[in-house]
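**Q** So the chains spell out like this:
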Amino acid sequence: KAGVTQTPRYLIKTRGQQVTLSCSPISGHRSVSWYQQTPGQGLQFLFEYFSETQRNKGNFPGRFSGRQFSNSRSEMNVSTLELGDSALYLCASSLSASSYNEQFFGPGTRLTVL
Amino acid sequence: AQTVTQSQPEMSVQEAETVTLSCTYDTSESNYYLFWYKQPPSRQMILVIRQEAYKQQNATENRFSVNFQKAAKSFSLKISDSQLGDTAMYFCAFMRAYGGSQGNLIFGKGTKLSVKP
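Residue numbers (our numbering), protein chains in the order written: chain A, 1 to 114; chain B, 1 to 117.
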């Protein structure tokens, strides 16, 4: 079974632009969570989607948004990019929204904002 | 709010020896899950071991075991017979068992483990 895939793997943008990252969960998984990883702040939860609904949101500004499609694929969007948005963005999928289910992580998208 | 603290930014161990990584957490919840994740230099995060707070028995997975002390809010990871492939960042993480935060893993800052030949 294929793992979690994220596209693109690397991205370079300039301040003020917007960006869309994509995550395809493991087949059959319906829950997708997004995390931001930076050297300074570590791993921080962005949001979680289940059955096309955002169930949970972390403490990030409104410039960060996401959605989930009927096939469970998810996208996250960052508008008006800032230098501090440079990070590794990780997506994780799980069977359902239950805490018991293991979250499987993708390889991440490395975003660099110049 | 829940917090997770890993007090050892970096550790090293000789191949075949045993190493213990520390993790403490703070929560007012009575039921929750604790995890250790491994992130090798290739960056793909994988789950090493999971502990359910209502289970007193410490979880084990082959060479990996935990020492879960609920009252002390401590959750350490022991790696036995360390192998070169264990070289990675190790993250301790917390998740509430119910409520609206199931998808929300709260991570510690991580411990960089180097296994030396």
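The hints are simulated quantities; they were obtained by calculation from the structure and are not laboratory data.
Keep in mind that a hint or two might mislead.
[As the list claims (entries may be wrong)] Some chain B residues flagged as far from chain A (calculated, every beta-carbon gap over 12 Å): (1) Val19; (2) Thr24; (3) Ser28; (4) Ser42; (5) Glu52; (6) Asn58; (7) Thr60; (8) Arg63; (9) Phe68; (10) Lys116.
[Said to hold, decoys possible] One side only, chain A facing chain B, incomplete, derived with CB under 10 Å: (11) Tyr35; (12) Phe45; (13) Glu52; (14) Asn56; (15) Pro61; (16) Gly84; (17) Leu88; (18) Leu90; (19) Ser98; (20) Phe104; (21) Phe105; (22) Arg110.
[Claimed, not checked] Covered stretches of chain B (in silico footprint by chain A; criterion: 3 or more residues with CB under 8 Å from a CB of chain A, positions within the stretch not fixed): (23) 43-50; (24) 104-111.
The C-beta atom is built at its ideal place from N, Cα and C for all residues, glycine as well.
**Q** Which numbered hints are broken by the structure, listed smallest first?
**A** 4, 5, 13, 15, 16
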